[in-house]
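Residue numbers (the numbering used here), protein chains in the order written: chain A, 1 to 261; chain B, 1 to 588.
If you are wondering where the hints come from, they were derived from the structure by calculation, not from laboratory data.
Misleading hints may appear alongside valid ones.
Unchecked claim - Pair ranges (Cβ atoms, derived): (1) B:P105 / A:A127: 48 to 56 Å; (2) B:R53 / A:G47: 49 to 57 Å; (3) B:D168 / A:A189: 24 to 32 Å; (4) B:A127 / A:P197: 25 to 33 Å; (5) A:L18 / B:G147: 25 to 33 Å.
Since this is a predicted model, take the numbers as computed values, not measurements.
Heads up, the beta-carbon is just placed ideally off N, CA and C, and yes, glycines get one too.
As a plain string of letters, each chain reads:
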Amino acid sequence: MIRAFRAEWVFLRRPRFLAGTLSAVSAVAVLGTLLTMFSVGRNDFNGDPVTASRLALPDGSVQGLEGISILIGVVALSIVAAIVGGDYSHGTLRNQLIAQPSRLRLLAGKSAAIGSFLAVLVTVALAVSVALSLLFAAAGTVDGSAWLGLAGLRQIGQAELNGILSAWGYGVLGLLAAAVFRGPAAAIAVGVAYALPLEAIVARISGASTHWLPAQLLDALAAGSNGYSVSYLEAAGRLAAYGALAVATIVVLVHRRDVTS
Amino acid sequence: MNGPATGSVTGITNRRHASRSRARARRAPQGRATRRGGDDLAIWTDGLAKTYRGREAVGGIDLAVPRGALSGFVGPNGAGKTTTLRMLLGLIRPSSGRAQVLGAPIEQPAAYLPRLGAMIEGPTFHAGLSGRDNLRLLARLRGLDGGAVDEALDAVGLTERAAHGVRDYSLGMKQRLGIAAALLPRPDLLILDEPTNGLDPAGIREIRALLKDLAGAGMTVFVSSHLLGEVEQICDHLVIIRRGRLLFQGHVTELVAAADPRIVIAPERDADAGRLAEVLRGHGLAVEPEPASGGGRLAVHAPEGLAADLNRIAMTAGLALRELRVHRRSLEETFLRATGELDGEPGEGELKLEALAAGALAGAVADGEQADGARADDSGDGPRAQAPGGEAARAEAEPSFEMAPLTGPLPWLPVERVDAAPGRSNRPDRPDRSDRPDRPDRPDRPDRERSAAGAASARPATPIVALPAPPAQRSATATDDDGKWVWAPLTWERPAHQYVVAEEFATPDIDLMGPAGALFGPWPDPPTATDGAADNSPTDSGPADNSPTDNSPTDGDDRPGEKPILDWHTGELPVVDWTTALRGWRNR
Numbered sequence: 001m002i003r004a005f006r007a008e009w010v011f012l013r014r015p016r017f018l019a020g021t022l023s024a025v026s027a028v029a030v031l032g033t034l035l036t037m038f039s040v041g042r043n044d045f046n047g048d049p050v051t052a053s054r055l056a057l058p059d060g061s062v063q064g065l066e067g068i069s070i071l072i073g074v075v076a077l078s079i080v081a082a083i084v085g086g087d088y089s090h091g092t093l094r095n096q097l098i099a100q101p102s103r104l105r106l107l108a109g110k111s112a113a114i115g116s117f118l119a120v121l122v123t124v125a126l127a128v129s130v131a132l133s134l135l136f137a138a139a140g141t142v143d144g145s146a147w148l149g150l151a152g153l154r155q156i157g158q159a160e161l162n163g164i165l166s167a168w169g170y171g172v173l174g175l176l177a178a179a180v181f182r183g184p185a186a187a188i189a190v191g192v193a194y195a196l197p198l199e200a201i202v203a204r205i206s207g208a209s210t211h212w213l214p215a216q217l218l219d220a221l222a223a224g225s226n227g228y229s230v231s232y233l234e235a236a237g238r239l240a241a242y243g244a245l246a247v248a249t250i251v252v253l254v255h256r257r258d259v260t261s
Numbered sequence: 001m002n003g004p005a006t007g008s009v010t011g012i013t014n015r016r017h018a019s020r021s022r023a024r025a026r027r028a029p030q031g032r033a034t035r036r037g038g039d040d041l042a043i044w045t046d047g048l049a050k051t052y053r054g055r056e057a058v059g060g061i062d063l064a065v066p067r068g069a070l071s072g073f074v075g076p077n078g079a080g081k082t083t084t085l086r087m088l089l090g091l092i093r094p095s096s097g098r099a100q101v102l103g104a105p106i107e108q109p110a111a112y113l114p115r116l117g118a119m120i121e122g123p124t125f126h127a128g129l130s131g132r133d134n135l136r137l138l139a140r141l142r143g144l145d146g147g148a149v150d151e152a153l154d155a156v157g158l159t160e161r162a163a164h165g166v167r168d169y170s171l172g173m174k175q176r177l178g179i180a181a182a183l184l185p186r187p188d189l190l191i192l193d194e195p196t197n198g199l200d201p202a203g204i205r206e207i208r209a210l211l212k213d214l215a216g217a218g219m220t221v222f223v224s225s226h227l228l229g230e231v232e233q234i235c236d237h238l239v240i241i242r243r244g245r246l247l248f249q250g251h252v253t254e255l256v257a258a259a260d261p262r263i264v265i266a267p268e269r270d271a272d273a274g275r276l277a278e279v280l281r282g283h284g285l286a287v288e289p290e291p292a293s294g295g296g297r298l299a300v301h302a303p304e305g306l307a308a309d310l311n312r313i314a315m316t317a318g319l320a321l322r323e324l325r326v327h328r329r330s331l332e333e334t335f336l337r338a339t340g341e342l343d344g345e346p347g348e349g350e351l352k353l354e355a356l357a358a359g360a361l362a363g364a365v366a367d368g369e370q371a372d373g374a375r376a377d378d379s380g381d382g383p384r385a386q387a388p389g390g391e392a393a394r395a396e397a398e399p400s401f402e403m404a405p406l407t408g409p410l411p412w413l414p415v416e417r418v419d420a421a422p423g424r425s426n427r428p429d430r431p432d433r434s435d436r437p438d439r440p441d442r443p444d445r446p447d448r449e450r451s452a453a454g455a456a457s458a459r460p461a462t463p464i465v466a467l468p469a470p471p472a473q474r475s476a477t478a479t480d481d482d483g484k485w486v487w488a489p490l491t492w493e494r495p496a497h498q499y500v501v502a503e504e505f506a507t508p509d510i511d512l513m514g515p516a517g518a519l520f521g522p523w524p525d526p527p528t529a530t531d532g533a534a535d536n537s538p539t540d541s542g543p544a545d546n547s548p549t550d551n552s553p554t555d556g557d558d559r560p561g562e563k564p565i566l567d568w569h570t571g572e573l574p575v576v577d578w579t580t581a582l583r584g585w586r587n588r
């Protein structure tokens with residue numbers, strides 16, 4: 001597993017890949033922060049009012065990132081689906097399986113490497129978001145005095161953890177799609193279509209479904225359940241169950257299916 | 001392709017295999033199947049099959065790839081080569097059958113893949129990574145250090161371009177990088193799937209040289225291709241499949257011998273073509289008009305070694321030749337004809353090759369049983385050297401190796417004598433000839449020179465007799481002038497019950513030499529017990545008593561059971577004591 005982890009990082013640290021993915025999450029973080037800061041006095045995407053006093057709270061510096069956590073999730077889903085689906089369709093997986101015959105070890109090491117990479121992405125996105133929020137605070141748009149206090153730092157840490165867990169959740173979704181479709185295009189298309197429009201439509205039709213739909217629960221987890229009807233623990237518990245089911249499915253698919261490409 | 005691809009191959013392989021037995025490394029693969037897990041097989045399968053939703057991709061093939069072989073895995077596109085290789089590598093699960101790679105079952109790929117390198121379906125790498133980083137990724141997966149990467153890059157001549165992105169590589173460079181990836185673990189077994197696909201001629205030559213070097217250093221190389229002509233040039237062992245079924249498996253010479261070599265000749269005047277054909281047919285040669293060239297040309301089904309004799313026969317008949325050239329079908333043409341691709345007769349051709357494979361494997365089994373003796377495994381677990389089609393195909397092949405009736409004089413016997421001196425005696429009291437300058441244990445002497453020596457000599461006083469061995473052994477026996485039995489490897493039966501010598505043979509103790517491609521036969525009727533000459537059996541009476549010299553025409557002793565045979569140096573007809581010969585054969 002450690003071999004597979006180290007090997008995967010050879011691929012993940014490609015300069016162009018790093019630049020592309022980091023740019024993407026940074027752009028998403030900037031977008032979320034700008035939209036949040038410029039929404040003061042108006043309602044956000046969910047119709048909730050955005051006020052300066054709300055942003056002045058200790059968690060105000062991470063509000064921008066939490067508001068667009070679903071976009072970070074989609075980036076994570078796409079990255080995982082592209083990497084694993086690409087390994088299937090491009091034939092690099094067969095090379096790796098010849099070098100590492102244990103499919104489960106390869107899967108575990110690869111997942112750990114990608115998971116650590118997603119954590120880096122979330123960290124970068126959070127850093128960009130907090131930094132931009134501090135710039136707005138310095139400009140006097142909002143009061144950021146509480147953000148760098150102990151409570152504020154704790155909120156940043158909590159947002160980091162929640163963001164990483166959410167990204168991993170989306171990553172598992174991408175991994176499942178890649179294992180099922182064994183190609184990046186189909187995996188990304190189906191994964192994103194499910195996470196964004198499909199669940200959103202279902203959630204608007206049935207509000208109670210937000211307590212059960214995986215992507216809705218991942219959003220709630222990323223936001224620390226702030227503003228969501230489902231509690232943090234409830235979301236985490238259900239996501240753990242979904243995750244276990246998904247991982248079991250992935251393990252069976254990867255272990256049992258022929259590698260034909 | 002840039003740079004020498006083979007510069008350091010010997011280095012890497014020598015380091016890898018320094019401790020190995022050279023004898024094993026150089027051992028000529030025989031396509032011999034042994035019991036399961038036998039040390040002499042790198043790949044063994046038993047009824048390995050793969051079916052996709054009712055469609056049979058591989059229909060139960062039995063492979064036996066010897067260790068140390070440079071083995072070609074040939075079949076047209078869609079024949080099932082890659083599917084078979086994927087099963088061997090543990091990438092896909094067989095629908096049925098068993099297999100072992102390097103002695104380990106394919107259900108446990110971790111047991112053998114660390115000692116195996118492979119490139120399947122062409123090189124596949126991350127385009128955004130450099131060649132070195134791609135190898136580094138795979139090296140890390142195998143737990144290898146960077147030294148292995150440098151070694152592999154050096155082996156394929158890619159060191160200078162290693163830092164460049166793979167997306168900038170030419171196809172040839174990608175192929176070499178793929179081979180480098182396969183070489184990373186310094187494998188015992190190298191499996192390459194179509195390694196020369198898309199390469200230019202220079203690149204193909206480099207890959208060929210690389211594979212030869214690897215195999216020469218002791219690595220087992222199993223290389224697939226849809227081009228038989230391609231593997232013909234580098235492989236010493238062949239596996240041919242078609243539509244998921246095994247058509248042939250064995251030494252390349254088995255198939256080469258089936259190439260039906262022809263000599264195209266043309267008389268000075270076209271009008272003499274018919275007469276020339278009659279003369280040649282009178283010597284038992286198969287002659288037919290050469291359809292492709294016309295102009296009175298004839299195609300004589302005979303090996304290259306007979307060219308001079310054809311000329312001699314024609315001259316003796318008063319016919320001058322204006323053209324004489326040798327045509328040997330390529331392995332690919334032979335294969336295509338055998339499979340009916342050229343004639344539009346599929347099925348029949350497959351039977352031909354299957355029969356050939358059956359005979360070859362039957363011979364391999366016989367050899368294996370003789371050599372291994374008690375290793376025979378009655379449990380049924382061991383791999384069986386079954387030809388495709390099993391016993392039926394084998395039974396179909398074997399009768400062709402029985403004695404064929406002799407309907408006329410033996411036409412020619414191209415076993416060349418090089419020692420016959422004018423008027424020399426072949427009697428036991430003849431002087432020791434061990435210091436002769438033209439002993440046949442000098443295979444480096446050109447055939448032409450040998451022929452000249454033989455032609456210059458007087459008619460050999462002693463005929464040479466060649467007989468087919470029992471079918472399973474696929475060899476011939478021949479007597480020398482002392483009545484000794486020697487062995488000549490025969491691998492292929494041609495129509496009219498002629499046998500082709502697979503490889504040049506020479507015996508140092510007797511004066512017998514046969515060139516590769518020489519033909520034996522057809523054979524006479526086995527004489528009856530009343531033919532007498534029982535005392536002539538070399539096993540009964542010893543060499544001195546049964547010296548064929550006693551039966552030479554100069555002795556005027558034309559006994560029953562003797563058949564005339566053409567002395568192909570002189571055109572005269574010495575006498576063969578076939579009873580002696582056949583008794584010796586029966587007593588084997």
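- Quick one: which hint numbers does this structure break? Sort them smallest to largest. none
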